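**Student:** Each chain, letter by letter, is given below.
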Amino acid sequence: MVERGATCLDAQTTGMAWSVLAEVGRLLEMLASNGEPGCIDLRSLPLTDADREELESLLGRGEVRVELDLAGRSEVWETAYAGAWWIRHRGAGDRIAAELIAVCPAPEILMAHPADIQAAARRLRSNLQQPRPAAANELSETTRETPHV
Amino acid sequence: MSDKKRVSGSTTGPAHTLGEMLAERGVSRRSFLKFASYTASILALPPTAATAIAQGLASARRQSVIWLSFQECTGCTESITRAHTPSIEDLIFDFISLDYHHTLQNASGHAAEAARMAAMKENAGEYIVVVDGSVPLKDDGIYSTIAGISNLQMLEETVKDAFAVIAVGTCATFGGIPGANPNPTGAVGISDIVTGKPVINISGCPPIPEAMTGTIAYLLSFGAIPELDHLGRPKAFFGEAIHDRCYRRPFYERGMFAKSFDDEGARQGWCLFEVGCKGPVTYNACATLKWNGGTSFPIQSGHGCLGCSEPGFWDLGGFYKPLSTAKDDPLKWAAGAAVAGAAVGAASALAARKLRNKSLQAAAAAAPAAPRAAKKEDE
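Protein chains in written order, with this note's numbering: chain A, 1 to 149; chain B, 1 to 379.
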């Protein structure tokens, strides 16, 4: 029976979750056989809220869960199927701006970019060249260099 | 000239890429990748395109943008600045240098015009002109002037050395409300005036903010114009009818229609076709991207689509008149096909679209307010 209200369809499953699950399976087979990664843009699919919840339940949760704080919150977790990652990017008002299932050893967004690594190395080198403030509870130089005999 | 060379650096200096500039402010490449995933999604590109978009953005220079506002209501600006909290959607404002915009700039009067001239000189051949509002042509364009010159003069002067022009809103794309019958000021859309430059039309009253920012992000990432439909609109946002992606479509397929706004069908969320919804003949992304941060869109709020992103929408029959019963309305042909679609299923969708394009051609030719005839079918 159709429920009352303009958004009643969001409460109904349409079978799309199982279609997406089959697509995840196909991408996992490819990753396992030749290492080729894949990705599914969930936002581009006509999923109802109920479909999305069903898909999340079908894929389950794995061992890894990461929360990122960059231009809004992002959540990444490995599903119960190793190599299949759910990526949820949030935008203004914490709403979901992009949602993907990435099939790969590890999502690219978790990797440090070479440019960021180079910048980090420069920043740390610069910080190490600054005079080091002495901590109140630091051992004195004499004490620290006392030879043990 | 290479694609990347044309991207200007008016406020950041020629040596700074967006990646370098934002890194200085603590914005990591992960943020670029997140923005790129979001952009790829709204542009309906394969998710794997995100890496290329992120790389393209990081290596681009900050883009000079001159925004001209003519016969308009500022609704398009309201739409693009809709987000209020620092977020992924706001990153686009770090990627562009908005060098001239009546509503948003601090400068006024002569200083504002000096800023426009300076941006045009510094970034000749590289800047993007965004226009909202139509341009009046009647009586030498005296019905709308800025800084002592007509909108037409300002437009011609500004686009002369531009890289590309983006017309935002139905007024700038097709004449919109100022161009509605009887069109007292002779208002026309930008592509009726600008020749010899790429003109991208992002129609809607107002346009969906993501359609505007996504198009700018595409220009920055790839240094190229996105694929456009026969009305010059990015196919990523205007490639499908509202009806094609409407969540009420299953009711349409089953022939379950609301007959009035307060009947049981309306309360049950049935299809609004018979209370005047123009979704079957309107191409836009409202049903997928939605409005107010993805909250809802008119049909989800219980009102039919007005068809605001189509040429001459103001004069194409009544908003509450069903497409299939409108008398002397060119859209009846498209509507007829749509009704047939309900009977025979999705196989008729292609035929409906062909008929819809023909009907829009007829509408543009028949309506005196519609300044711009649809060019030709894209089939």
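Source of the hints: derived by calculation from the structure; they are not laboratory data.
Since this is a predicted model, take the numbers as computed values, not measurements.
Think of the CB as a built atom: it goes at the ideal place given N, C-alpha and C, for glycine as much as any other residue.
One or more hints might be untrue.
[Stated by the list, open to error] Rough simulated footprint, nothing fancy, chain B against chain A, three-plus residues with beta-carbon under 8 Å:
(1) 58 to 68
(2) 109 to 122
[What the hints assert, rightly or not] Partial selection, computed: residues in chain A whose CB lies under 7 Å from chain B:
(3) Gly35
(4) Asp41
(5) Arg88
(6) Arg95
(7) Ala97
(8) Ala98
(9) Cys104
(10) Ala106
**Student:** Run every hint past the structure and note whether it holds.
**Tutor:** Results of checking the hints against the structure:
1. 58 to 68: violated (count 1)
2. 109 to 122: holds (count 5)
3. Gly35: violated, 15 Å
4. Asp41: holds, 5 Å
5. Arg88: Cβ of arginine 88/A sits 11 Å from chain B, so the hint is violated.
6. Arg95: holds, 5 Å
7. Ala97: Because about 5 Å separates alanine 97/A from the closest Cβ in chain B, which is inside the 7 Å limit, the hint holds.
8. Ala98: Since the shortest Cβ distance to chain B is 4 Å, the answer is holds.
9. Cys104: violated, 10 Å
10. Ala106: Alanine 106/A check fails; min Cβ-Cβ to chain B is 13 Å, beyond 7 Å.
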